[in-house]
Structure formats: structure tokens, C-alpha cells
Amino acid sequence: MTFLNMILPWFVTLCIVLLSLNYPVRKYCQRRCLASRDISYKGYRFLRKSHRVLGILTIILTFLHCRLSSAGPGMNIGKISFLILLLMFIIHLFRNTMKKKWIILHRMLAVLLWVTIIVHIVQEVWM
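Throughout the sequence shown, residue numbering follows the working numbering, covering 4 to 130 in sequence.
Certain hints may be false.
[Stated by the list, open to error] Distance ranges between label pairs, derived from CB positions: (1) 79 to 10: 31 to 37 Å; (2) 122 to 8: 26 to 32 Å; (3) 127 to 37: 37 to 43 Å; (4) 10 to 56: 38 to 44 Å; (5) 108 to 38: 28 to 34 Å.
In case anyone wonders, no lab produced these hints; they're calculated from the structure. Ideal Cβ placement from N, Cα and C applies to all residues, glycine included.
Please put together the full structure from these sequences, using the hints given.
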């Protein structure tokens, strides 16, 4: 196992965590009616502004992870996770034609992505 194989999954996980924090942090800021100078609101603005770039970076890093770690018990569920990630990106591309339905589908796929990632990690670590 190379150094890149060891560090790449951690970067992918960090990117997905940051991408997933967008919605809960926004809800938190709305409930608290935070001012723009508050640190939580500044964190939300950073997450919102970097969401698109971080999503593309996640797809690239995940693709590299798939290419370098193509053996192991969690390979199939890892491919399913990658396909869910690609589907989320495709839905984002067609958001204007889908109106408000796209965000609901995007969030549902995010939950499904987390489930498959957790199963993938459990399979890789304990099997």
C-alpha cells in the first residue's frame, strides 16, 4: 500500500464531510439569526462558496482513489459510492430543468452516499 493509497481516502472523507456540512450549518445559522460577523456564519459562507469546487475536487480524488485501490473486499460498494457521487453531480448540472426537485433528490442521495461510504469503510477495515 503506497503513501498515496493511505492518504487519499482521508482527503476524500474530509471533502465529503465539508460538503455535507453545508445544509446543517445553514439551518443552524437561520435558527440562531446570526449576523454576518459571527464565526458560524463566516464558516457557512466559506462552505457555500467552496461547495462547487469542493464537489469537483471530491470527484477527482475519489476517481484517483478508485484507480489506485482497485482490490479489496469493499471495492464494489466503493464503486456504488462513486456512482452516487457522479449522479449527484449530474443532478446538479440539470438543476435548472428540474426546478426545486433537484435539491430534494440531491439531499437524499447525500444520505445514501454516507450510508454506502460507512459500509465501504467497515468492509475495508474489518474484512
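Taking the numbered hints from earlier one at a time, note which ones the structure violates and give those numbers from smallest to largest. Violated: hints 1, 2 and 4.
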